[in-house]
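*Asks:* Here is what each chain is made of, one letter per residue.
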Amino acid sequence: MANMSPKKNEMPVQKPDVRNKNFDEVALGYTEEQAVDEANRCLGCKHKPCVGGCPVAIDIPAFIGKIKERDFEAAYQILQKQSSLPAVCGRVCPQETQCESRCVRGIKGEPVAIGRLERFAADWHMKNAKEAPAKVPSNGHKVAVVGAGPAGLTCAGDLQKAGYEVTIFEALHKAGGVLVYGIPEFRLPKAIVQREIDTLKELGVKVDTNVVIGKTITVDELFEDGFEAIFIGSGAGLPRFMNIPGENLKGVYSANEFLTRTNLMKAYTEDSATPIVHARKVAVVGGGNVAMDAARCALRLGAEEVHIVYRRSDAEMPARREEIEHAKEEGVIFDTLTNPVEILGDEHKFVKGMRCVRMELGEPDESGRRRPVTIEGSDFVMDVDAVIMSIGTSPNPLIHNTTEGLETNKRGCIIAEEDTGLTTREAVYAGGDAVTGAATVILAMGAGKNAAKAIDRYIQGK
Amino acid sequence: MFEILKKQELNPTVTLMEIAAPLVARKAEPGQFIILRVDEAGERIPLTIADFDREKGTITIIFQIVGATTEKLNHLKAGDHLQDFVGPLGTPSHVEGLKKVAVIGGGVGCAIAYPVAKKLHQLGCEVHTIVGFRNRELVILEDSFRAVSDKFVMMTDDGSYGEKGLVTNALQALIESGETYDEVIAIGPLIMMKFVCKLTEKYGIKTMVSMNPIMIDGTGMCGGCRLTVGGKTKFACVDGPDFDGHEVDFDEAMERASMYKDFERHQYEETCNLFQKEVH
Ligand SMILES: Cc1cc2nc3c(=O)[nH]c(=O)nc-3n(C[C@H](O)[C@H](O)[C@H](O)COP(=O)(O)OP(=O)(O)OC[C@H]3O[C@@H](n4cnc5c(N)ncnc54)[C@H](O)[C@@H]3O)c2cc1C
Ligand SMILES: Cc1cc2nc3c(=O)[nH]c(=O)nc-3n(C[C@H](O)[C@H](O)[C@H](O)COP(=O)(O)OP(=O)(O)OC[C@H]3O[C@@H](n4cnc5c(N)ncnc54)[C@H](O)[C@@H]3O)c2cc1C
Ligand code: SF4
Ligand code: SF4
Ligand code: FES
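First to last, the sequence lines map onto chains A and B.
For what it's worth, my numbering labels the leading residue of the first sequence as 1, then goes sequentially.
For what it's worth, my numbering labels the leading residue of the second sequence as 1, then goes sequentially.
Note that these hints are calculated values from the structure, not bench results.
From the three backbone atoms N, C-alpha and C, an ideal C-beta is built for every residue, glycine too.
Do not take every clue at face value.
Where chain B lies over chain A, by a calculated footprint (3+ residues, C-beta under 8 Å) [said to hold, decoys possible]:
id	region
1	38–47
2	112–119
3	167–180
4	254–262
What follows is a list of derived Cβ distance ranges for each label pair [to be verified]:
id	chain 1	residue 1	chain 2	residue 2	range
5	B	Glu3	A	Leu344	28 to 36 Å
6	A	Asp379	B	Asp251	24 to 32 Å
7	A	Asp220	B	Gly159	32 to 40 Å
8	A	Gly377	B	Glu40	42 to 50 Å
9	B	Ala78	A	Pro397	46 to 54 Å
In silico DMTMM-like links for lysine to aspartate or glutamate, alpha-carbon gap of 25 Å or less [claimed, not checked]:
id	chain 1	residue 1	chain 2	residue 2
10	A	Lys201	B	Glu252
11	B	Lys234	A	Glu342
12	B	Lys56	A	Glu165
13	A	Lys281	B	Glu252
14	A	Lys453	A	Asp419
15	B	Lys27	A	Glu224
16	A	Lys174	B	Glu137
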């Protein structure tokens, strides 16, 4: 019997004034009852409009149908046909602009909570499934994967399941990419990511951490070592700065540095050896997911005041709505239509303030968003002692610079065919943020999947 | 895990270790560095590749005990393992084509200067080495340097060994005596490099320095290692660590190096206490 409530089942969450002091997960997940109740809101539309909104075309009505029947394991099995990281995507996908934006229930109320249901089924499986994944006998072909982010992990998993011997090379000391060094614990518990990586290892995937491709080993040497194809999923980890005066003062971080110190090096735990500036008042410059994460981490590290400083208006912010709302609830202050022009330092070169100007929205620019223009004479000084620059990242040129024949576009992104990931060099494939620039987990995963299929065809066709 | 094959105390605060790291050894070049973590809860710290042996698959590091991580590292012995060891990182020193070079090392900076001097010597370049230490007790690598130098000058601040004075005094003396250099390579404390650069600027001698700002990833991801060089922001871990010393903003680099002073002192004291407790 369909549930005709116009509203989604609320997601149980930690209270804002509690969670803004801890690093535990904010959203607690549906109970079985809530999940079944929410699943009953799905009409099981024959033409499946929602599926068209999912970059990897998960059969949404089918998996939700299984939740209705309380066959949670079957729901999971449907999810994992298209997605190798459903517990991750259910948590971090920008559902409101993807699957849920196409849901017919969204016309007269709120759409079905597809993401929450996906998370529920994936978590249920993790908690209850026992059997170890079956190892596939080797077909004798070796493939190398560069980077252990969602793109690389997905590509490696799919190839291993098809019988290839896969080795992932990861520059950092821990696998997971942005999932471990960027997205904070309170949004994506690291145990979930670790679990996915452990599963891959059980399948037989080798994960070699502490190997920087382009430095420790080059792409050419990988071929010499007997790898027949290579997938590059090295992400877009190079931080941008604004190039305004004062950016090298003490207390100015790139979001990457701040989040890496906090998440990967666990600066928030008692026994971490990694220092972090415990600032009183923090300004985070930018309006994306990265900025929201940095702001919410800063709050949790004990800052009295955290500001998001964004040059356009609230409506243009690229972050997921849920993250913006969560940040607001937790007490992050939003200074929109505001742009920094200079960071001010004290006599010891520590940050003591940030000069900003107010903006207004003018004519639309190339991106279709209204261009922010400075309001003359509106400058003022914001009282802050730390600034976190979160204005975007681009792909690291390290691999491109050391690999002959691997071409990039003017933004530094590796050029690759859209549906196969084939680069300008034979047997070298690429996908994820390294190709698109900073994007999403699900797109990176989808690219890894497509490349795995293409690599399989390439090797079998040789 | 990476095994420590050999440990040798060079002086009371400087230790040499040889680590089994075949992949790193295969590619290492003078001027490059590695990043290590001692254990699972440890910090990532960069150390220069002081020497390497491609055949044996080993990397030599020489470190000064200055804080918590280097203290912890120094408590390990041959046969123990390091959690993480990644490299070679950074751009190798440009040594090709140089005919006559003055290599200047200050304190533990000598560990970074030595592989460069050795490589220059192997390439047939005339190498004049000036090394400086606070006092006789702290001298390291003297024999190694002598073996690759056509001229060798030892300086100590207090005159307890070699000549009394700073490395800049020795360099100036050499230049004034008529020596000419294609390049000066200066590696040591920021303040030393700054003053060497001031001196060589006067004589118009190109000077390369090796910068060692605080680093995390060492691959260009965090931007924590940024410096101003020639008015532009550079990442020491990928664009360097070697830079044209006449373009480096040393004052800014010195300020940035002190960012975590209080935290570091606290960690160091905690670590020392920890080890004292273990002993008792
Ligand atoms: C703070 C933050 C929050 C985000 N929030 C969301 C969100 O809520 N929802 C969402 O969908 N997306 C989000 N994103 C974006 C998403 O995380 C990325 O789009 C996604 O992780 C890209 O995956 P990837 O596999 O291409 O690259 P990455 O995850 O960046 O992984 C690349 C890996 O390659 C390694 N590597 C790089 N160079 C080398 C080399 N030379 N040799 C060996 N290894 C190398 C890196 O160390 C890294 O581990 C967020 C990103 C950040 C930074
Ligand atoms: C490219 C490079 C090469 C280096 N090579 C050598 C070497 O061959 N031998 C050697 O003795 N030292 C070298 N250093 C310096 C060495 O990394 C620091 O002494 C070490 O990190 C100190 O760690 P700690 O925890 O013991 O001390 P801490 O108490 O943490 O710090 C003491 C001092 O070390 C510096 N420091 C701290 N953390 C870092 C970090 N992550 N990266 C860089 N500097 C830091 C700080 O300026 C601080 O003042 C090098 C640094 C760089 C960047
Ligand atoms: S993977 Fe993302 S877009 Fe696709 S159904 Fe799940 S939440 Fe929606
Ligand atoms: S569009 Fe909405 S209601 Fe229809 S099948 Fe998809 S999730 Fe269910
Ligand atoms: S150490 Fe992170 S960018 Fe250089």
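*Asks:* A separate judgement is required for each hint: does it hold in the structure or not?
*Replies:* Status of each hint after checking the structure:
Counting residues of the region 38–47 of chain A whose C-beta lies closer than 8 Å to any C-beta of chain B gives 0; at least three are required, and the coverage claim is violated. Evaluation of the coverage hint for the region 112–119 of chain A: breached, as 0 residues show C-beta separations to chain B shorter than 8 Å, against a requirement of three. Against chain B, the region 167–180 of chain A contributes 3 residues with a C-beta closer than 8 Å to a partner C-beta. That satisfies the three-residue criterion, and the hint holds. With 5 residues having a Cβ less than 8 Å from any Cβ of chain B, the region 254–262 of chain A passes the three-residue criterion, so the hint holds.
Checked against the hint of 28 to 36 Å, the pair Glu3 (chain B) and Leu344 (chain A) fails, with Cβ atoms roughly 49 Å apart. Under the hint 24 to 32 Å, the C-beta atoms of Asp379 (chain A) and Asp251 (chain B), about 27 Å apart, fit the expected range. At roughly 53 Å, the beta-carbon separation of Asp220 (chain A) and Gly159 (chain B) lies outside the given 32 to 40 Å, and the hint is violated. At roughly 54 Å, the beta-carbon separation of Gly377 (chain A) and Glu40 (chain B) lies outside the given 42 to 50 Å, and the hint is violated.
At roughly 39 Å, the beta carbons of Ala78 (chain B) and Pro397 (chain A) sit outside the given window of 46 to 54 Å. For a cut-off of 25 Å, the pair hint linking Lys201 (chain A) to Glu252 (chain B) is broken: about 45 Å separates their Cα positions. Among the hinted pairs, Lys234 (chain B) with Glu342 (chain A) is consistent with the structure: their alpha-carbon atoms are about 19 Å apart, no more than 25 Å. Proposed proximity of Lys56 (chain B) and Glu165 (chain A) is contradicted: the alpha carbons are some 28 Å apart, above 25 Å.
With a C-alpha separation of about 23 Å, the suggested pair Lys281 (chain A) and Glu252 (chain B) falls inside the 25 Å cut-off, and the hint holds. The hinted pair formed by Lys453 (chain A) and Asp419 (chain A) meets the criterion: a straight-line CA distance of about 10 Å does not exceed 25 Å. The suggested pairing of Lys27 (chain B) with Glu224 (chain A) holds, with an alpha-carbon distance near 15 Å, which does not exceed 25 Å. A distance of roughly 40 Å separates the Cα atoms of Lys174 (chain A) and Glu137 (chain B); the hinted pair therefore is violated under the 25 Å criterion.
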